[in-house]
Amino acid sequence: MPPNLAGVLAALEAEGSPGEFAAVEGLLGGSFSGLAEIRRSPVSKVSAVDLTADEVRDWLSELPLGHDAELHVAWIADRVGARMSFETLTDNVDDLWFPAMDDIVAVVRSGSQLMILVFDHEELITLSSVNSQEDSG
Amino acid sequence: MRIDWSGPADEHSGNDMARRARLPPDNPDAVGNDGRKEVSGDGLPGSFLARMDSAALGKWKAAYKADYPARVDAVYRQRAIDHGDAQAERLERETVTPDIHGDVPDDPRSYSNPKTGRVDASWSTYDRAIAAARKRAGGDLGPGSLRMYDRNPETGQGTGTLIGEQTPDRLRGWRIDSQDVHVNWWDWTGGKKGAGGAYGHAWFPEDPSTLGSRHIGWAPWQDGDGNVLDGH
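Protein chains in written order, with our numbering: chain P, 75 to 211; chain H, 161 to 392.
Careful: at least some of the hints might be erroneous.
To be verified - List time: in silico DSSO-like cross-link candidates among lysine-lysine, alpha-carbon distance up to 27 Å:
#1 H/Lys-295 x H/Lys-225
#2 H/Lys-219 x H/Lys-295
#3 H/Lys-295 x H/Lys-352
#4 H/Lys-225 x P/Lys-119
#5 H/Lys-225 x H/Lys-275
#6 P/Lys-119 x H/Lys-219
No lab work stands behind these hints, which were simulated from the structure alone. What you are looking at is a predicted structure, and each value in this text was computed from that prediction instead of being measured.
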């Protein structure tokens, strides 16, 4: 969890809660255990090791996600989740994601697909697309 | 550790910095001209340190490098970014105390970038890597630190050994990542990534029996009373 995440989320009017974390887990079939496999074939990926926050924002803005798309976001290490728009996440990425500390998983439903954006603690960012569990199961 | 300078105080001299350094961090006089509060506990604001001349900064480094290695590192790194000159680069390299440099040179896994604040080092043993990461994160994280133990609550797997620790405000900490064979550490007291904060890896040799977090979320963070921080 980044420093002062609760304060950042409050400022963004995106309340963090265990329930929102569970919602992300549910979208992925009840567990994050399949995430590593999902990330092996990403739609897009970048190493942010040498990127500034602005460069990360630039990269995110090129992704095929609508600015208004509602993301279900989870901070895995602390089992906190929140909902926010993709634009809000992009604009505030350097307050929401700190290297080394935590992995963030953001999920948005797009028709029968789930778009899964992951910011991991090793600074690899991936966007993956999978059939939603409801449709495939 | 405190440095003892004598003589008349002058705002940009080591004398005044020594006086400020003796003040507790919550003393109003330990506030820089731009009003920023000191957060690292060494009694001097980052903005003030940024304006020190090299000689005074050297004294400050000598006084604090043992107790606040990451803080000292962050200050020198910021100077390297701000000034971009050879002297600043040299000072940045010198700031890292030898005992957190690593003892495996040229490890291809290690990658550091002064501009982003990433500082990696490679170690010949697991214990040395952990000790270095803990030091990078500021050493003693206090009695109220949050801790992570080698125990998965769902499966019961693990040994119960301490594998991570961070301050309650999450600004400083470390965590053993056994899957990726390193200890992650961070110190955001100087700012975010690329803006004074520091983070990195203390790499250790591959060993399947190494204790540590298998992946983020494998073991929960707990408060000092052993309460799992689930969603808080």
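These are the hints, each one checked on the structure:
no.	hint	in the structure
1	H/Lys-295 x H/Lys-225	11 Å, holds
2	H/Lys-219 x H/Lys-295	20 Å, holds
3	H/Lys-295 x H/Lys-352	19 Å, holds
4	H/Lys-225 x P/Lys-119	38 Å, violated
5	H/Lys-225 x H/Lys-275	20 Å, holds
6	P/Lys-119 x H/Lys-219	45 Å, violated
Hints 4, 6 from the earlier list are contradicted by this structure; the remaining hints agree with it.
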